[in-house]
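Student: Reading the sequence shown from the start, the letters are residues 205 to 512 in the numbering used here.
A couple of the hints might just be wrong.
[Claimed, not checked] In the PhoX-like style, the derived pairs of lysine-lysine whose C-alpha atoms are separated by at most 25 Å in a straight line are:
| hint | residue 1 | residue 2 |
| --- | --- | --- |
| 1 | Lys268 | Lys255 |
| 2 | Lys388 | Lys360 |
| 3 | Lys268 | Lys283 |
| 4 | Lys484 | Lys239 |
| 5 | Lys408 | Lys291 |
| 6 | Lys494 | Lys291 |
| 7 | Lys272 | Lys360 |
| 8 | Lys419 | Lys206 |
| 9 | Lys388 | Lys419 |
| 10 | Lys268 | Lys239 |
| 11 | Lys272 | Lys220 |
| 12 | Lys268 | Lys206 |
| 13 | Lys279 | Lys220 |
| 14 | Lys220 | Lys291 |
| 15 | Lys272 | Lys283 |
| 16 | Lys220 | Lys206 |
| 17 | Lys227 | Lys301 |
| 18 | Lys301 | Lys316 |
| 19 | Lys484 | Lys206 |
| 20 | Lys279 | Lys419 |
| 21 | Lys301 | Lys283 |
| 22 | Lys255 | Lys272 |
| 23 | Lys206 | Lys252 |
| 24 | Lys252 | Lys291 |
| 25 | Lys239 | Lys316 |
| 26 | Lys252 | Lys268 |
| 27 | Lys255 | Lys239 |
| 28 | Lys301 | Lys255 |
| 29 | Lys206 | Lys279 |
| 30 | Lys206 | Lys239 |
| 31 | Lys239 | Lys227 |
| 32 | Lys279 | Lys255 |
| 33 | Lys419 | Lys239 |
Calculated directly from the structure, the hints in this document are not laboratory data.
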Amino acid sequence: MKYFDCHADTLTQVIKEGESLEKNTCDIDLQRIEKFADTYTQIFAIWKNRKEILPGTESSVFRKSYEKAIELLQKAENKIRLCTSAKEMEDAHQNGKAAAFLSVEDVSIMGKDIERIRELGFLFVLLSWNYENEYACGAAMNQAQGLTDRGRDIVKFLLQQGIVLDISHLSDRGVEDLFQMTDKPIIASHSNVRALCNHPRNLKKEQIQELIRRKGLIGMNYYRNFVGGTEDVEAIIRHMDAVLNLGGEDVLVLGGDFDGCSGEFPDGIQGVQSMPVLRKAMLEHGFGEKLTEKVFFENARAFIGRNL
Numbered sequence: 205m206k207y208f209d210c211h212a213d214t215l216t217q218v219i220k221e222g223e224s225l226e227k228n229t230c231d232i233d234l235q236r237i238e239k240f241a242d243t244y245t246q247i248f249a250i251w252k253n254r255k256e257i258l259p260g261t262e263s264s265v266f267r268k269s270y271e272k273a274i275e276l277l278q279k280a281e282n283k284i285r286l287c288t289s290a291k292e293m294e295d296a297h298q299n300g301k302a303a304a305f306l307s308v309e310d311v312s313i314m315g316k317d318i319e320r321i322r323e324l325g326f327l328f329v330l331l332s333w334n335y336e337n338e339y340a341c342g343a344a345m346n347q348a349q350g351l352t353d354r355g356r357d358i359v360k361f362l363l364q365q366g367i368v369l370d371i372s373h374l375s376d377r378g379v380e381d382l383f384q385m386t387d388k389p390i391i392a393s394h395s396n397v398r399a400l401c402n403h404p405r406n407l408k409k410e411q412i413q414e415l416i417r418r419k420g421l422i423g424m425n426y427y428r429n430f431v432g433g434t435e436d437v438e439a440i441i442r443h444m445d446a447v448l449n450l451g452g453e454d455v456l457v458l459g460g461d462f463d464g465c466s467g468e469f470p471d472g473i474q475g476v477q478s479m480p481v482l483r484k485a486m487l488e489h490g491f492g493e494k495l496t497e498k499v500f501f502e503n504a505r506a507f508i509g510r511n512l
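Based on the sequences and whatever the hints tell you, model everything.
Tutor: See the structure below:
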């Protein structure tokens with residue numbers, strides 16, 4: 205079985221002494237994945253709550269999280285490889301290893317290190333988290349507030365660096381501003397469908413259609429509040445159906461937000477070990493082997509191949 209997930213906070217959540225990426229009490233570890241997946245790619249986010257960072261200390265606080273993440277990956281290098289291109293991902297898989305990519309969730313937490321974003325190995329960026337920063341505003345804060353002037357400048361810089369922009373967490377107005385600034389592929393790594401669950405973190409129909417047009421990615425999030433309550437995995441599949449009904453067969457992927465949901469998942473999802481349950485439910489729902497494979501792996505792999 206092949207498995208590609210577009211968003212997890214695990215590298216910033218492995219904090220208990222003695223735990224590792226190979227084995228831990230978080231939502232993801234490599235031992236659990238090895239039990240069901242022979243090919244695995246994960247986009248890991250580096251994240252901090254900006255409100256908890258004192259002004260002027262962004263770079264030093266960020267660097268601690270970044271260095272810890274790199275250390276976790278290095279200690280598991282016999283099983284997983286940090287990648288910065290499609291070729292490196294394919295090489296990792298051919299050598300029996302998982303592949304990891306890095307994302308930064310709220311680019312403002314990087315401070316001055318933003319200038320070295322590619323050098324540090326990041327390929328994906330979310331401009332904001334839940335709140336407002338100097339670049340943009342989070343969807344949970346104010347949907348009508350768009351990119352700032354500094355935000356427009358940082359978008360231009362990130363695009364020049366070949367960074368893939370991620371609109372999960374970004375306000376509706378910020379998404380509109382971003383769409384107007386560039387026609388490049390953009391992703392929503394961990395966002396669902398607002399028409400099914402009216403939450404500001406979910407995507408509007410028009411946003412989904414634009415991501416489809418651009419051949420981006422839309423990653424299904426397992427957080428209960430974004431799915432629509434305490435239902436089982438069928439609720440996640442209904443969000444998949446909504447994307448597919450808009451023509452999203454080639455952009456629909458998984459973005460479970462593991463270790464970013466405080467364990468609040470629909471019934472049937474406990475952690476990464478539940479992915480065979482989701483896959484089985486998709487097949488029973490009638491997706492078929494080919495479509496299920498596209499959602500579980502091939503769509504995200506193809507996006508990496510086209511853009512990185």
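Student: If a hint holds in the structure, say so; if it does not, say that too.
Tutor: Here is what the structure says about each hint:
1. Lys268 x Lys255: holds (17 Å)
2. Lys388 x Lys360: Status holds; Cα separation ~12 Å.
3. Lys268 x Lys283: Status holds; Cα separation ~23 Å.
4. Lys484 x Lys239: Within the cut-off at roughly 15 Å; holds.
5. Lys408 x Lys291: Judged against 25 Å, a Cα distance of about 34 Å means the pair is violated.
6. Lys494 x Lys291: holds (24 Å)
7. Lys272 x Lys360: The hint is violated at about 29 Å.
8. Lys419 x Lys206: holds (21 Å)
9. Lys388 x Lys419: Judged against 25 Å, a Cα distance of about 9 Å means the pair holds.
10. Lys268 x Lys239: violated (32 Å)
11. Lys272 x Lys220: Satisfied, since the Cα-Cα distance of roughly 12 Å is no more than 25 Å.
12. Lys268 x Lys206: The given pair, whose Cα atoms are some 32 Å apart, is violated under the 25 Å limit.
13. Lys279 x Lys220: holds (15 Å)
14. Lys220 x Lys291: violated (34 Å)
15. Lys272 x Lys283: holds (18 Å)
16. Lys220 x Lys206: Given that 25 Å is the threshold and the Cα spacing comes to 29 Å, the pair is violated.
17. Lys227 x Lys301: Since the Cα atoms of Lys227 and Lys301 sit roughly 16 Å apart, the hinted pair holds (cutoff 25 Å).
18. Lys301 x Lys316: Violated. Lys301 to Lys316 sits at ~33 Å, over the 25 Å cutoff.
19. Lys484 x Lys206: Within the cut-off at roughly 14 Å; holds.
20. Lys279 x Lys419: Violated: Lys279 and Lys419 sit about 35 Å apart, past 25 Å.
21. Lys301 x Lys283: holds (5 Å)
22. Lys255 x Lys272: It holds: about 21 Å lies between the C-alpha atoms, which stays within 25 Å.
23. Lys206 x Lys252: violated (30 Å)
24. Lys252 x Lys291: Distance ~30 Å between Lys252 and Lys291 Cα, so the pair is violated.
25. Lys239 x Lys316: violated (41 Å)
26. Lys252 x Lys268: holds (11 Å)
27. Lys255 x Lys239: violated (38 Å)
28. Lys301 x Lys255: Violated - the C-alpha atoms of Lys255 and Lys301 are around 37 Å apart, more than 25 Å.
29. Lys206 x Lys279: holds (23 Å)
30. Lys206 x Lys239: Since the Cα atoms of Lys206 and Lys239 sit roughly 12 Å apart, the hinted pair holds (cutoff 25 Å).
31. Lys239 x Lys227: Given pair Lys239, Lys227 holds - Cα atoms ~13 Å apart, limit 25 Å.
32. Lys279 x Lys255: violated (31 Å)
33. Lys419 x Lys239: Distance of about 32 Å is beyond 25 Å: violated.
Hints 5, 7, 10, 12, 14, 16, 18, 20, 23, 24, 25, 27, 28, 32 and 33 from the list above are not met by this structure, while the remaining hints are.
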